[in-house]
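Q: Below, each chain spelled out in residue letters.
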Amino acid sequence: MFSSPLPNVPPELESELKRIEENARTLVRVSTTHATIAQTPKQVIWTLNKAKLYRYVPVVPAEQRHKVPLFLVFALMNRPTILDLRPGHSFIEYMVKQGFDVYLLDWGAPGPEDKGLKFDDYVLEYLPRAIRKIKAVSGSEEFSMLGWCIGAILSTMYAALRPDDGLKNLLLLTAPLDFSDKTAGGFVRWVNDAHFDPDKIVDAFGNVPGEMIDYGAKALKPVENYIGSYLTLWDNLDNPRAVEAWHAMNTWVTDLIDMSGGVYRQLIGDLYRKNKLIEGKMVLRGERVDLSRIRANLLNVIALADHISPSCQSESIMTKVSSKDQHMLKVKGGHIGMMAGSGAQKYTWPHIEEWLVARSD
Amino acid sequence: MRDASMQSWNAMRDASMQSWSKMMIDFVNSEAYSQATGQWLDTYLTMSQPFQRVIETTMTQALTRLNMPLRSDVISLAERLTNVEMRLDDLDAKLDDILSAIRSLPSPQQTAEAPSSNQAADTRAKAKAKEAH
Chain A
11 MFSSPLPNVP PELESELKRI EENARTLVRV STTHATIAQT PKQVIWTLNK
61 AKLYRYVPVV PAEQRHKVPL FLVFALMNRP TILDLRPGHS FIEYMVKQGF
111 DVYLLDWGAP GPEDKGLKFD DYVLEYLPRA IRKIKAVSGS EEFSMLGWCI
161 GAILSTMYAA LRPDDGLKNL LLLTAPLDFS DKTAGGFVRW VNDAHFDPDK
211 IVDAFGNVPG EMIDYGAKAL KPVENYIGSY LTLWDNLDNP RAVEAWHAMN
261 TWVTDLIDMS GGVYRQLIGD LYRKNKLIEG KMVLRGERVD LSRIRANLLN
311 VIALADHISP SCQSESIMTK VSSKDQHMLK VKGGHIGMMA GSGAQKYTWP
361 HIEEWLVARS D
Chain B
4 MRDASMQSWN AMRDASMQSW SKMMIDFVNS EAYSQATGQW LDTYLTMSQP
54 FQRVIETTMT QALTRLNMPL RSDVISLAER LTNVEMRLDD LDAKLDDILS
104 AIRSLPSPQQ TAEAPSSNQA ADTRAKAKAK EAH
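Those sequence lines, one after another, are chains A and B. Its first residue numbered 11, the first sequence is counted upward by one per residue in this note's numbering. Its first residue numbered 4, the second sequence is counted upward by one per residue in this note's numbering.
Check each hint, because a few of them may be wrong.
Unchecked claim - For lysine to any residue, the following SDA-like pairs were computed, each having C-alpha atoms within a straight-line distance of at most 25 Å:
{"#": "1", "chain 1": "B", "residue 1": "97", "chain 2": "A", "residue 2": "295"}
{"#": "2", "chain 1": "A", "residue 1": "125", "chain 2": "B", "residue 2": "71"}
{"#": "3", "chain 1": "A", "residue 1": "192", "chain 2": "A", "residue 2": "272"}
{"#": "4", "chain 1": "A", "residue 1": "228", "chain 2": "B", "residue 2": "82"}
{"#": "5", "chain 1": "A", "residue 1": "125", "chain 2": "B", "residue 2": "82"}
As the list claims (entries may be wrong) - Over the 12 Å line for every Cβ pair with chain B, so calculated as not near, a few chain A residues:
{"#": "6", "residue": "19"}
{"#": "7", "residue": "51"}
{"#": "8", "residue": "97"}
{"#": "9", "residue": "98"}
{"#": "10", "residue": "107"}
{"#": "11", "residue": "173"}
{"#": "12", "residue": "203"}
{"#": "13", "residue": "232"}
{"#": "14", "residue": "300"}
{"#": "15", "residue": "302"}
{"#": "16", "residue": "336"}
{"#": "17", "residue": "338"}
{"#": "18", "residue": "339"}
{"#": "19", "residue": "369"}
These are calculated hints, taken from the structure and not from any lab test. Yeah, the Cβ is synthetic: ideal placement off N, Cα and C, and Gly gets one too.
The following block holds chain A by itself, in its conformation from the complex (with noise of 0.2 Å):
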């Protein structure tokens, strides 16, 4: 637009005019575009339904490489692609650098025909079939499991429901498991009151949709989720790094993904409403989830800034277990930030990476 110089025109405004045109370039490309993320090479080796297992192209020689392979389980809600979000920024990269054979569950977007999925299909129908590839791909009887957000509360289930299986080392991060203390944060608030009706949705929606899940998690901090996140933008224009960094985080906050109807239906009644799996009334297919049974070495990672899962939610869980070794790291930043902010480098996965180091051969 300003390619010639403009007539009459002092240089100084010339220059401040072709800057803010660049700025609202990139505004426009990066709020209209989605970045190219999760880039670090792999390879899918199994799939079930909507759900892929991805095995990610190993870079350290095999003879050097930790012999417990680490599975990932992220929630089922947003796209597990935060783990890998961009290269340098990806904690899967990170890990697989450090020497781990990093396998990634990929729950997938459920269609109509999966409103009807529980809690009890993914933990025992899924999450098994999947350890069952992993093992046989990597050769390993053992494995280590890290479950993030309702991943965690997965991972929780299928430790307490199969603690023979071979699950040598538990991560749970950002677990949002007891909710007895009803006033701990908004989403315990809203759901606990007598007009919320999580049956009614499902029954509306059969799938409770991602944007209405997107509202109540960005509703929670109204003021930074609608506005401070582009100002940030706005007054890092200039700055490239920033500005991917923005752009990456954006793509994947913006791509949303549908709740299972039963799922949800569990998660408001049995543990928001309930709080039946810390006090060791949830029941699966039949089996009682009894935490006790839990004797993998544990890390219970906690966000000192987390507004969607409080500390008051995932501290209780050290006392129920029976593992013998478990430790629990609270780490700055916040539900989402503690892991892809850019502290995580820093604060975070270093500290992950050593846990598991020291309980990986």
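With chain A fixed as given, assemble chain B onto it according to the hints.
A: Below, chain B without anything else, positioned relative to chain A:
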């Protein structure tokens, strides 16, 4: 000059954003907000359900008359496919087990070599016996 004024503007903006954010967080965590959103959602779902039912009934009738599969037919087919996938997955795992069991067995070549080495041992034993005589 511009930088200084921008800095003071940004500082002022951030301070007001911070207090606004705190106020909003307190608001969304209040009982009043929970009740209001709960009631709003309940009203929306109650109001929309009759329309949804009408659309469903109309679509079902239209598709049936056109001799086309219904949404429920496609869903049930997809569910059956998932069940078939699970069975295939189990078969795949069993095949893997069988293959690894077969691989762990001694190969036919090794089995064939074993008697010949016995024969060689017999020959050596016979030769030793002759020497002894």
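Q: Of all the hints numbered above, which does this structure not satisfy? Sort the numbers upward.
A: 4, 12 and 13
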